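With these hints in hand, go ahead and build the complete structure from the sequences.
Protein chains: 2
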Amino acid sequence: MTSKAFQDFYPDDLSHCYGCGRLNPDGLQIKSRWEGEEAVCTFAPRPYHTAIPGYVYGGLIASLIDCHSTGTASAAAYREAGREMGTEPALRFLTAALHVNYLKPTPIDAPLEIRATVKEVKGRKVVIASRLVAAGQVCATGEVVAVQVPEDLMPGKS
Amino acid sequence: MTSKAFQDFYPDDLSHCYGCGRLNPDGLQIKSRWEGEEAVCTFAPRPYHTAIPGYVYGGLIASLIDCHSTGTASAAAYREAGREMGTEPALRFLTAALHVNYLKPTPIDAPLEIRATVKEVKGRKVVIASRLVAAGQVCATGEVVAVQVPEDLMPGKS
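Protein sequence lines correspond, in order, to chains G and R. The first sequence begins at 1 in my numbering and counts up by one. The second sequence begins at 1 in my numbering and counts up by one.
Everything labelled a hint here was simulated from the structure, so no lab data went into it. One should not assume that every hint holds.
To be verified - Once the Cα atoms are required to be at most 30 Å apart in a straight line, the calculated DSS-like pairs of lysine-lysine come out as:
1. R:K104 to G:K125
2. R:K31 to R:K119
3. R:K31 to G:K104
4. G:K125 to G:K31
5. R:K104 to G:K31
6. R:K104 to G:K122
7. G:K119 to R:K104
Claimed, not checked - Ranges between beta-carbon positions, derived for each pair:
8. R:V138 to G:P155: 18 to 28 Å
9. R:T141 to G:E120: 15 to 25 Å
10. G:T141 to R:P150: 16 to 26 Å
11. G:E84 to R:R79: 48 to 58 Å
12. R:R79 to G:E37: 46 to 56 Å
13. R:D13 to G:Q137: 17 to 27 Å
14. G:D12 to R:A110: 18 to 28 Å
15. G:D109 to R:Q137: 35 to 45 Å
16. R:D12 to G:R79: 47 to 57 Å
17. R:P150 to G:V138: 17 to 27 Å
18. R:A81 to G:P11: 45 to 55 Å
19. G:G54 to R:A81: 24 to 34 Å
20. R:K119 to G:T141: 16 to 26 Å
Claimed, not checked - Here's a subset of chain G near chain R, in silico, CB distances under 8 Å, partners left out:
21. D13
22. C17
23. N24
24. G27
25. Y48
26. H49
27. I52
28. L60
29. L98
30. H99
31. V100
32. P155
On a predicted model such as this, the values are computed, not experimentally measured, just so you know. Heads up, the beta-carbon is just placed ideally off N, CA and C, and yes, glycines get one too.
Printed below as a string of structure tokens:
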């Protein structure tokens, strides 16, 4: 049995994101889980996610790093607060800054594994570092500064 | 009559990118053009490009900035070389580094305009700065370090 992913704990009205929302049928629906101190997400690129033939386009890599990192930020914030994921009030994060270094072309015919670590949890801000591994090689690294969604942007909370 | 976009000059075998390839029917097919010293791309987000309801997910913004910037890098390199776009050998760019600052939530029901300027052209490297404007407000800024595609990755050139 596979454990629930971070994204499976998001409230329904925060589960429509193209990258990570389980209720977005057109989206990527990524799933992130702890493996010890790292959060891991695996994604199989689709044939149309191409850049130059044979390789994944950079926007997908950025999207995966982005959503995996905000999910990891959420999980880290719950952990920091000593709370179970999914308990109210929801701790959900948006991206303030995203940085991706593309180290080498990423093959499109291999699963992409994004492994993230929590660099900092400070107030409403969480910083996540990550690397994308494909076919045994680190093809990209990422850093995301995530901030907790302000109350006035939380759906149904006005 | 609308002028040809940067992407319309890409050779067929470099036109399959999900973000900017005119031959990728599943992709975004962005179009970039000079407006004086700025390169401009306008994109209408689709309803499923949501983050939290009403707003565009960050991965789309990163993808648009990424592909618009590599297209602008290509156009800038042709200009720097005093060559017409589309002439051989093709000058095509990949992203080495992508940085996006998300300044405020980007509305999903407005056209997104990405305006880019060339910060540097040096050898095979071009640096592009950009900002994303929606509903009259700058919602994100970007910086891309683009490098010319190495010969061994150019399709059909081996």
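Outcome of the hint check:
no. : hint                         : verdict
1   : R:K104 to G:K125             : 15 Å, holds
2   : R:K31 to R:K119              : 20 Å, holds
3   : R:K31 to G:K104              : 26 Å, holds
4   : G:K125 to G:K31              : 22 Å, holds
5   : R:K104 to G:K31              : 26 Å, holds
6   : R:K104 to G:K122             : 20 Å, holds
7   : G:K119 to R:K104             : 23 Å, holds
8   : R:V138 to G:P155: 18 to 28 Å : 25 Å, holds
9   : R:T141 to G:E120: 15 to 25 Å : 22 Å, holds
10  : G:T141 to R:P150: 16 to 26 Å : 20 Å, holds
11  : G:E84 to R:R79: 48 to 58 Å   : 57 Å, holds
12  : R:R79 to G:E37: 46 to 56 Å   : 48 Å, holds
13  : R:D13 to G:Q137: 17 to 27 Å  : 25 Å, holds
14  : G:D12 to R:A110: 18 to 28 Å  : 26 Å, holds
15  : G:D109 to R:Q137: 35 to 45 Å : 41 Å, holds
16  : R:D12 to G:R79: 47 to 57 Å   : 50 Å, holds
17  : R:P150 to G:V138: 17 to 27 Å : 19 Å, holds
18  : R:A81 to G:P11: 45 to 55 Å   : 53 Å, holds
19  : G:G54 to R:A81: 24 to 34 Å   : 27 Å, holds
20  : R:K119 to G:T141: 16 to 26 Å : 22 Å, holds
21  : D13                          : 7 Å, holds
22  : C17                          : 5 Å, holds
23  : N24                          : 6 Å, holds
24  : G27                          : 6 Å, holds
25  : Y48                          : 4 Å, holds
26  : H49                          : 5 Å, holds
27  : I52                          : 6 Å, holds
28  : L60                          : 7 Å, holds
29  : L98                          : 5 Å, holds
30  : H99                          : 5 Å, holds
31  : V100                         : 5 Å, holds
32  : P155                         : 5 Å, holds
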